[in-house]
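Engineer: Protein sequences appear in the order of chains A and F.
Per this note's numbering, the first sequence starts with residue 8, numbered consecutively.
Per this note's numbering, the second sequence starts with residue 3, numbered consecutively.
Keep in mind that the hints were calculated from the coordinates and are not lab data.
Model, not experiment: these values are computed from the prediction.
Think of the CB as a built atom: it goes at the ideal place given N, C-alpha and C, for glycine as much as any other residue.
Treat each hint with caution, since some may be false.
Claimed, not checked - Here are the computed distance ranges between Cβ atoms for each label pair:
1) F:E103 / A:G66: 14 to 20 Å
2) F:G5 / A:G66: 16 to 22 Å
3) F:Q20 / A:P15: 30 to 36 Å
4) F:R75 / A:S75: 29 to 35 Å
5) A:Q87 / F:T7: 39 to 45 Å
6) A:A24 / F:Q20: 44 to 50 Å
7) F:G18 / A:E52: 33 to 39 Å
8) F:E103 / A:G16: 22 to 28 Å
9) F:E103 / A:I25: 36 to 42 Å
Unchecked claim - Taking lysine-lysine and the BS3-like style, the derived pairs with C-alpha atoms no more than 27 Å apart in a straight line are:
10) F:K15 / A:K77
11) A:K74 / A:K49
12) A:K74 / A:K63
13) A:K49 / A:K9
14) F:K15 / A:K9
15) A:K117 / A:K74
16) F:K59 / A:K77
17) A:K117 / A:K9
18) A:K117 / A:K77
19) A:K9 / A:K113
20) A:K74 / A:K9
21) F:K15 / A:K117
Unchecked claim - The following residues of chain A were derived to be distant from chain F, with all beta-carbon distances above 10 Å:
22) P17
23) P21
24) N29
25) N62
26) T69
27) G111
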Amino acid sequence: QKEVEQDPGPLSVPEGAIVSLNCTYSNSAFQYFMWYRQYSRKGPELLMYTYSSGNKEDGRFTAQVDKSSKYISLFIRDSQPSDSATYLCAMSHDSNYQLIWGAGTKLIIKP
Amino acid sequence: KAGVTQTPRYLIKTRGQQVTLSCSPISGHRSVSWYQQTPGQGLQFLFEYFSETQRNKGNFPGRFSGRQFSNSRSEMNVSTLELGDSALYLCASSLGQGPHEQYFGPGTRLTVT
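Given the sequences, and given the hints that come with them, work out the whole structure.
Structural biologist: Structure below.
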């Protein structure tokens with residue numbers, strides 16, 4: 008079993024919908040959680056970064072961490088075709104800051 | 003501030019050859035990590051360098067090696083190329099102290115024929 012599980016998709020939704028992307032993990036020591044977006048043939052770009060539990064909002068994006076369930080989510084409101092990309096989650100803990108990555112979910116927003 | 007740069011962007015090599023890829027991190031960043039990305043395996047960690055020392059290493063054979071220079075620029079080398087080495091090689095830089103918010107370059111797409 009992988010330390011971080013992420014459904015590869017693809018996830019296809021209509022423009023304007025609320026998108027929910029998720030990752031589950033097995034290591035309860037993870038404290039730092041990140042979401043990256045990767046467009047085709049580009050490097051990943053950092054979208055959201057959260058520490059421990061709770062929510063963080065940035066524009067149309069909300070990152071949520073539920074440490075009791077070992078579950079993190081990224082919500083995208085008012086989704087746009089330009090949001091079509093692969094979304095990767097990554098996490099690390101205090102004793103070793105090396106990032107552990109999910110496989111990435113391919114998101115398609117249909118106009 | 004300039005982002006992470008990688009050269010070359012595209013490369014075609016033949017089986018058995020070797021290749022060297024270069025990465026220049028964001029100014030002030032002292033950590034450089036290398037990843038291999040393929041459609042089947044996703045993003046796989048190769049190694050991380052911090053202040054010219056390898057700090058972490060992934061599960062790749064010894065044909066994959068790297069180094070970091072005093073100006074934080076990094077190179078990775080793959081010797082005796084195999085067809086399965088065809089991939090996007092990504093470099094990411096971070097400040098290096100504390101949790102890693104990593105910033106990626108555009109990658110080098112390596113094709114082995």
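Engineer: Has the hinted range 29 to 35 Å been met by the Cβ atoms of R75 of chain F and S75 of chain A?
Structural biologist: 43 Å, violated
Engineer: Taking the CB of E103 of chain F and the CB of I25 of chain A, does the distance hold inside 36 to 42 Å?
Structural biologist: 26 Å, violated
Engineer: For the pair supplied as a hint, K15 of chain F and K117 of chain A, is the alpha-carbon distance within the 27 Å limit?
Structural biologist: Distance of about 38 Å is beyond 27 Å: violated.
Engineer: In terms of Cβ atoms, is chain F entirely out of 10 Å range of T69 of chain A?
Structural biologist: At about 18 Å from chain F, T69 of chain A clears the 10 Å cut-off, so the statement holds.
Engineer: Between K117 of chain A and K9 of chain A, does the CA-CA distance stay at or below 27 Å?
Structural biologist: 31 Å, violated
Engineer: So P17 of chain A supposedly isn't at the interface. Is its beta-carbon more than 10 Å from every beta-carbon in chain F?
Structural biologist: The claim holds: P17 of chain A sits with its nearest Cβ about 13 Å from chain F, beyond 10 Å.
Engineer: Does K74 of chain A pair with K9 of chain A here, judged by a C-alpha cut-off of 27 Å?
Structural biologist: Holds: K74 of chain A and K9 of chain A sit about 17 Å apart, inside 27 Å.
Engineer: For the pair G18 of chain F and E52 of chain A, does the Cβ-Cβ distance stay inside 33 to 39 Å?
Structural biologist: This hint holds: roughly 35 Å between Cβ atoms.
Engineer: Quick one: are E103 of chain F and G16 of chain A within 22 to 28 Å, going by C-beta?
Structural biologist: Check passed, 25 Å falls within 22 to 28 Å.
Engineer: Are all C-beta atoms of chain F more than 10 Å from that of G111 of chain A?
Structural biologist: 6 Å, violated
Engineer: For a C-alpha distance cap of 27 Å, please report whether K59 of chain F and K77 of chain A respect it.
Structural biologist: 26 Å, holds
Engineer: Given the hinted pair K49 of chain A and K9 of chain A, is their alpha-carbon gap at most 27 Å?
Structural biologist: Holds. K49 of chain A to K9 of chain A sits at ~25 Å (cutoff 27 Å).
When the structure is compared with the earlier hints, violations turn up for hints 4, 5, 9, 10, 11, 14, 15, 17, 18, 21 and 27 and for no others.
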